[in-house]
Amino acid sequence: MKKVIIELKNVYKEYVTNYTKVLALNDINLKIYENDFIAVVGPSGSGKTTLLNIIGALDKPTKGKVIFKEQDLTELSDKELSKYRAENVGFVFQTFNLIPSLNVLENVKLPSYFSSKKIHEKKFYEILDLVGLKERIFHKPLQLSGGEQQRVAIARALINDPVIILADEPTGNLDSKSAESILRIFLTLKESGKTIVMATHNLRLLDHVTRIIYLQDGAIINEVIK
Amino acid sequence: MRSLSKYRISISNIRRNKLRNSMVILSFILAVLLGSIILGPVYGIQNYYVKTVNEAGFNVIAIFSGNFASSSGSFVPPTKYLNISTVSYIEKLENVYAVAPVFLAGYFVFGNKSAYLVGTNSQMKQIATLDIFKGNFVGDSPSNSQFIKVDLGYNVWNYLLKGIDVNQTVSLSLIIPYGYSYKTVDISLKVIGLLKERPKIPSINVDPNNIIIANIYDVFNFLNFTNYNLVPLDAIFVSAKDFNSIDSLESNIIATLKNLGFTKDKDYSIISQKDALYYINNVFSQFYRFLNIIWAAILSISSLSILIVMFITVRERYKEIGTLRAIGARKIDVLTMILVEAFVLSLIGVVIGMVLGYIILNMLKFYYAFMQTVTDSIIILTYSVIVPEILVSSIVFSLYPAYIASKVAPSVALRYE
Numbered sequence: 001m002k003k004v005i006i007e008l009k010n011v012y013k014e015y016v017t018n019y020t021k022v023l024a025l026n027d028i029n030l031k032i033y034e035n036d037f038i039a040v041v042g043p044s045g046s047g048k049t050t051l052l053n054i055i056g057a058l059d060k061p062t063k064g065k066v067i068f069k070e071q072d073l074t075e076l077s078d079k080e081l082s083k084y085r086a087e088n089v090g091f092v093f094q095t096f097n098l099i100p101s102l103n104v105l106e107n108v109k110l111p112s113y114f115s116s117k118k119i120h121e122k123k124f125y126e127i128l129d130l131v132g133l134k135e136r137i138f139h140k141p142l143q144l145s146g147g148e149q150q151r152v153a154i155a156r157a158l159i160n161d162p163v164i165i166l167a168d169e170p171t172g173n174l175d176s177k178s179a180e181s182i183l184r185i186f187l188t189l190k191e192s193g194k195t196i197v198m199a200t201h202n203l204r205l206l207d208h209v210t211r212i213i214y215l216q217d218g219a220i221i222n223e224v225i226k
Numbered sequence: 001m002r003s004l005s006k007y008r009i010s011i012s013n014i015r016r017n018k019l020r021n022s023m024v025i026l027s028f029i030l031a032v033l034l035g036s037i038i039l040g041p042v043y044g045i046q047n048y049y050v051k052t053v054n055e056a057g058f059n060v061i062a063i064f065s066g067n068f069a070s071s072s073g074s075f076v077p078p079t080k081y082l083n084i085s086t087v088s089y090i091e092k093l094e095n096v097y098a099v100a101p102v103f104l105a106g107y108f109v110f111g112n113k114s115a116y117l118v119g120t121n122s123q124m125k126q127i128a129t130l131d132i133f134k135g136n137f138v139g140d141s142p143s144n145s146q147f148i149k150v151d152l153g154y155n156v157w158n159y160l161l162k163g164i165d166v167n168q169t170v171s172l173s174l175i176i177p178y179g180y181s182y183k184t185v186d187i188s189l190k191v192i193g194l195l196k197e198r199p200k201i202p203s204i205n206v207d208p209n210n211i212i213i214a215n216i217y218d219v220f221n222f223l224n225f226t227n228y229n230l231v232p233l234d235a236i237f238v239s240a241k242d243f244n245s246i247d248s249l250e251s252n253i254i255a256t257l258k259n260l261g262f263t264k265d266k267d268y269s270i271i272s273q274k275d276a277l278y279y280i281n282n283v284f285s286q287f288y289r290f291l292n293i294i295w296a297a298i299l300s301i302s303s304l305s306i307l308i309v310m311f312i313t314v315r316e317r318y319k320e321i322g323t324l325r326a327i328g329a330r331k332i333d334v335l336t337m338i339l340v341e342a343f344v345l346s347l348i349g350v351v352i353g354m355v356l357g358y359i360i361l362n363m364l365k366f367y368y369a370f371m372q373t374v375t376d377s378i379i380i381l382t383y384s385v386i387v388p389e390i391l392v393s394s395i396v397f398s399l400y401p402a403y404i405a406s407k408v409a410p411s412v413a414l415r416y417e
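Protein sequence lines, in the order shown, are assigned to chains A and B.
Take 1 as the starting number for the first sequence in this note's numbering and just add one per residue.
Take 1 as the starting number for the second sequence in this note's numbering and just add one per residue.
Don't take every hint at face value.
Mimicking SDA-like on lysine to any residue, the simulated pairs with C-alpha atoms at most 25 Å apart in a straight line are [said to hold, decoys possible]:
1) B:K18 x B:Y403
2) A:K83 x B:A409
3) A:K9 x A:N88
4) B:K6 x A:L102
5) A:K117 x B:S5
6) A:K21 x B:E417
7) A:K21 x A:E34
8) B:K6 x A:L76
9) B:K266 x B:S285
10) A:K60 x B:Y279
11) B:K200 x B:Y48
12) A:K140 x B:D275
13) A:K83 x B:Y403
14) B:K266 x B:Y279
15) A:K140 x B:V344
16) B:K331 x A:I137
17) B:K6 x A:D78
18) A:K21 x A:Y214
19) A:K65 x A:E223
20) A:K118 x A:E87
21) B:K92 x B:D140
22) B:K6 x A:K9
23) A:K140 x A:F124
24) B:K92 x B:V344
25) B:K18 x A:I137
26) A:K177 x A:A219
27) B:K407 x A:S192
28) B:K319 x A:K9
29) B:K319 x A:L23
30) A:K9 x A:A219
31) A:K9 x B:A409
32) A:K140 x B:S5
33) A:K60 x B:K319
34) A:K79 x B:Y48
Because the hints were derived from the structure by calculation, they are not lab data.
Sequences are here, hints too, so could you generate the full structure?
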C-alpha cells in the first residue's frame, strides 16, 4: 500500500480577471502517492499551472481541501505555508526563474536560506555534479544556455531534499537536445524514488511516468495509471 | 548565520541596474554633502560663540556705563556714571562672589599695535578667569611708589614688549582722553606679573591679551583724581556664586542701581553670561528653523529617489519575488530584503558623502576664516545629526515598496511579465 503524500479534495479555483470569473480548477480530487511520477497534460488554459500552484501552496483554492500530512494547507498561515514550501516542495519552472545577480552556486543555495533544514556544504557540490554543472558554479545565469539554466533550477529544487517536486513545463523553453538532457535528469530522480508532478506537453515523457492526468477546462477528464 | 545569508541577494542586486543605483547613491552623496556644508558651519559658529561666552569668565555679569545697544547703534553717554561707590553697593548683594571696577585709563602705542591700561582690583583675576604665567596679580590697595605695578597681557609681554620679565621696569607714553582730544603723559611701570593667553571676551572690544592691568587707585592717583567717587568707571564686572544664581543677582543689581538713581539702558547696560548664551541659542534656534526647511527639502529629494527606484525595482522583480516565495521566503523575508537593499544603497551614498564632505569642509577652511570653527568634532556632530536622519528616511521611504513586494501573492508574481 503506497503512502499518500498530498490529497486534493473537491478543489475549486476561481479567478476574476477583467470583471469575468474564470473557473481554473473544477472539483479536483487527486491523491499523490509516494514515488509517483505524474504527468499533468492538457491544452493551454486547462488549469495545469493552477493545479501545481495549489499543490505547492503558492495559491489557495477557492473551495476544497489540500491535505498534507493530515493537515489542511488551506487553513495554514502565510508563514506556515512558506515553511511548507521551503521544506517539502521543490519547484521547477518553464522559464527557469533563476536570480540573475547570483551565480550558479548561490542560486542553488538559495532555498537553504529560508529552510530550517541543515544542509552540509558538500551537498551543494554533489547536486551540481548530479546535474552536470560542477564546473560552472561561479557562472551567472545569463552566461549559461537554457538547458544549463534549467539544470541549475532542478538543482535548486532538489537542495532541500523536498517531499515532492513540482515541474511546470520544464522543457517548454528548451530545444530538443536540452529537453532530452532535462528529461534524463527527471528520470534519474524518478529512479531514485522522488515524487514528481510535472505539467508537460512533451509526449516523450509520457512513456516514463507512473500516472497521466488529463485536464480540460479545469477538470480531470481522464487519468491513466501505468 | 543562515538568516543573514538571504541578504546576499539584496547586496548582489545593487550591482544590477548600475546607472539607476548610481543615481540613488549620488542623491545620498549630495544630501550628506549639502547637509554638512549647510549645517556644519552653523554648528561651528554656534559652538564657537557658546564656547567663547563660557570662557568669558566665572558666572560674569558685566555692567557698562552708557548704552551700547542704542537704536542708533552708537554709544550713548550716560547722565549718571558708574563709580567706585556703586561697586561697594553691589559687593553687599546676595550671591556675589567677586566684584571688580574697570577703568580704561588710556592706551599705549607700539608701532601699529596698541595696549590699554586698565585700572581694576585683585578680584578681576577670578571674574575674568585670568591665569598668571609668572609673578603676581595686582592688589587691592594703592602701592604709593614711583612705579605703577602692572600685570602684562599675553600679547604685551610676548610681542609688544618682547623680552620683558617680572620685576623689570619700563617707561612708556600713555595716551589719555583730554577734553575732546587726547594728550600724552609719561608713565613708569613695574612688571609684577605676566598673564597667560586667553580668549577674547564677548561684548568687550578690548582684547584681554592686549592689556596692561594696574591697581585702579594707582591709576587714579597717577591721573591726579583726588575724589575717587567722582571718577566715571567704564564698567563693573560681577561674578555670581554659581551659574543658577546669575539671574537673581542680575535682578538685584538692576534694583540696586535703580535705587541709586541709575536708569537701565540709558545710564548703564547689563549683560550676563547666561543672557549671552540665551541670545546666542535663541538666534541660532531661529536660524535652525529656517535651515531645517532647506534640510527637509534635501532629505525629501534623496528619500523620493529611493522611493521611486525601489518601486521600479520591486516592479521589475515581481517574478523573482514570486520565485523567492516559491522556494520558501516569507513575507517578512521579502520585506527585509528590499529594505536591506535600500539601506545598503543609501549607506554607500552616505559613506562616500561623509568622506567627500570632510574633505570639502577642510578645503573651505583655506578660503573662509569662519570655517575654522568647523573642527573635526563639529563635523562628527553634524554627521551624527544628518546621517541617522538620512538612513532612517531611506528606510521609511522604502517601506511602502517593500510592503507592496511582500504582499504580492506568489502565484500572481510568478505570472508577472
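To see whether the hints hold, each was checked on the structure:
1. B:K18 x B:Y403: holds (24 Å)
2. A:K83 x B:A409: Within the cut-off at roughly 16 Å; holds.
3. A:K9 x A:N88: holds (20 Å)
4. B:K6 x A:L102: holds (11 Å)
5. A:K117 x B:S5: holds (14 Å)
6. A:K21 x B:E417: holds (22 Å)
7. A:K21 x A:E34: violated (35 Å)
8. B:K6 x A:L76: Judged against 25 Å, a Cα distance of about 24 Å means the pair holds.
9. B:K266 x B:S285: Distance ~29 Å between K266 (chain B) and S285 (chain B) Cα, so the pair is violated.
10. A:K60 x B:Y279: The given pair, whose Cα atoms are some 67 Å apart, is violated under the 25 Å limit.
11. B:K200 x B:Y48: Satisfied, since the Cα-Cα distance of roughly 12 Å is no more than 25 Å.
12. A:K140 x B:D275: violated (68 Å)
13. A:K83 x B:Y403: holds (20 Å)
14. B:K266 x B:Y279: Holds, at roughly 21 Å.
15. A:K140 x B:V344: It holds: about 22 Å lies between the C-alpha atoms, which stays within 25 Å.
16. B:K331 x A:I137: Not OK: K331 (chain B) and I137 (chain A) at ~29 Å, beyond 25 Å, violated.
17. B:K6 x A:D78: Roughly 19 Å separates the two Cα atoms, so the pair holds.
18. A:K21 x A:Y214: With a Cα-Cα distance of about 23 Å, the restraint between K21 (chain A) and Y214 (chain A) holds, given a limit of 25 Å.
19. A:K65 x A:E223: holds (20 Å)
20. A:K118 x A:E87: Within the cut-off at roughly 11 Å; holds.
21. B:K92 x B:D140: holds (17 Å)
22. B:K6 x A:K9: Between K6 (chain B) and K9 (chain A) the Cα gap is close to 36 Å, so the pair fails against 25 Å, i.e. violated.
23. A:K140 x A:F124: With a Cα-Cα distance of about 16 Å, the restraint between K140 (chain A) and F124 (chain A) holds, given a limit of 25 Å.
24. B:K92 x B:V344: violated (65 Å)
25. B:K18 x A:I137: holds (24 Å)
26. A:K177 x A:A219: violated (33 Å)
27. B:K407 x A:S192: With Cα atoms ~37 Å apart, K407 (chain B) and S192 (chain A) exceed 25 Å; violated.
28. B:K319 x A:K9: violated (29 Å)
29. B:K319 x A:L23: holds (24 Å)
30. A:K9 x A:A219: Holds: K9 (chain A) and A219 (chain A) sit about 13 Å apart, inside 25 Å.
31. A:K9 x B:A409: Roughly 23 Å between the alpha carbons, so the hint for K9 (chain A) and A409 (chain B) holds.
32. A:K140 x B:S5: Since the Cα atoms of K140 (chain A) and S5 (chain B) sit roughly 18 Å apart, the hinted pair holds (cutoff 25 Å).
33. A:K60 x B:K319: holds (19 Å)
34. A:K79 x B:Y48: violated (56 Å)
Checked against the numbered hints listed earlier, the structure breaks hints 7, 9, 10, 12, 16, 22, 24, 26, 27, 28 and 34; every other hint is satisfied.
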